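Student: Sequence:
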Amino acid sequence: KANDEIYSTRQTIITKTVKEVSPAVVGINVTEIREYRDARSFDPIWRFWFGDQLDRVYQQQIKGLGSGAIISDDGYILTNDHVAGNAVTATVTLTDGRKYDAKIVGSDPTSDICLLKIEAKNLPYIKFGNSDDLMIGEWTIAFGNPFGLFDINDKPTVTVGVISNTNMTLSPSSNRYYVNMLQTDAAINPGNSGGPLVNAIGGYWRANRDEYNYCSISGRYKVWS
Numbered sequence: 001k002a003n004d005e006i007y008s009t010r011q012t013i014i015t016k017t018v019k020e021v022s023p024a025v026v027g028i029n030v031t032e033i034r035e036y037r038d039a040r041s042f043d044p045i046w047r048f049w050f051g052d053q054l055d056r057v058y059q060q061q062i063k064g065l066g067s068g069a070i071i072s073d074d075g076y077i078l079t080n081d082h083v084a085g086n087a088v089t090a091t092v093t094l095t096d097g098r099k100y101d102a103k104i105v106g107s108d109p110t111s112d113i114c115l116l117k118i119e120a121k122n123l124p125y126i127k128f129g130n131s132d133d134l135m136i137g138e139w140t141i142a143f144g145n146p147f148g149l150f151d152i153n154d155k156p157t158v159t160v161g162v163i164s165n166t167n168m169t170l171s172p173s174s175n176r177y178y179v180n181m182l183q184t185d186a187a188i189n190p191g192n193s194g195g196p197l198v199n200a201i202g203g204y205w206r207a208n209r210d211e212y213n214y215c216s217i218s219g220r221y222k223v224w225s
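One point on numbering: in the working numbering, the residue at position 55 of the sequence shown is 55, and numbering is uninterrupted.
Hints were generated in silico from the structure; no laboratory data involved. None of the values given here were measured: they were computed from a predicted structure. We put the CB at the ideal spot given by N, CA and C, even for glycine. One thing to keep in mind: the hints can contain errors.
Below 27 angstroms or equal to it, Euclidean Cα-Cα: the simulated DSS-like pairs (lysine-lysine) are [to be verified]:
#, residue 1, residue 2
1, Lys121, Lys16
2, Lys127, Lys19
3, Lys19, Lys117
Beta-carbon label-pair distances, calculated as ranges [unchecked claim]:
#, residue 1, residue 2, range
4, Val88, Asp133, 18 to 28 angstroms
5, Gly51, Val160, 53 to 63 angstroms
6, Asp73, Gly106, 12 to 22 angstroms
Can you build the whole structure from these sequences, using the hints too?
Tutor: This is the structure we're talking about:
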């Protein structure tokens with residue numbers, strides 16, 4: 001009985017939400033093909049001697065990883081454009097270890113959102129919340145696949161913080177627009193991009209996004225959308 005009482009005190013709204021949301025989090029591994037030219041093609045001396053030979057275009061295969069959230073029981077998955085938007089192949093790993101090839105349904109580089117689809121049924125999925133109802137200071141939970149740990153673990157990594165600010169608009173960077181952003185102090189690691197950011201009752205607000213760092217009198221903070 002004493003152990004049951006101790007266990008019940010350890011259960012919080014956060015631990016319950018983590019248990020509910022975790023099965024809907026996925027790991028995403030992608031392959032991209034990037035084109036580039038010899039850096040010497042921009043050197044006038046090299047161009048004088050070798051001319052158009054330097055205009056040859058090379059291709060390089062790049063592998064990347066990220067996270068995502070299942071948003072319907074028939075296999076639609078939301079992630080970031082910078083995770084999968086330019087992928088030629090994408091593999092989704094579920095928390096139960098199943099792997100699926102994914103196709104890109106649509107992607108928007110400006111808002112950094114990408115929608116994937118896998119051929120599966122009866123999947124656990126995450127419910128959307130209303131970001132207009134957010135309160136500064138309320139708990140937030142970030143889920144993800146940092147460093148590709150889904151390959152060796154069957155659970156997403158969880159970090160906890162608070163909503164530090166809402167509706168933040170920052171200067172565009174690399175053709176991406178940072179509009180109506182949420183600021184949180186929940187830790188985000190490489191590979192977490194695209195994973196869900198939820199509140200303590202499991203409402204899905206945004207996909208975790210790259211850090212946007214600032215230095216100020218209050219120190220360093222992070223913003224994701």
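Student: Against which earlier hints does the structure fall short, listed by number upward?
Tutor: Violated: hint 4 alone.
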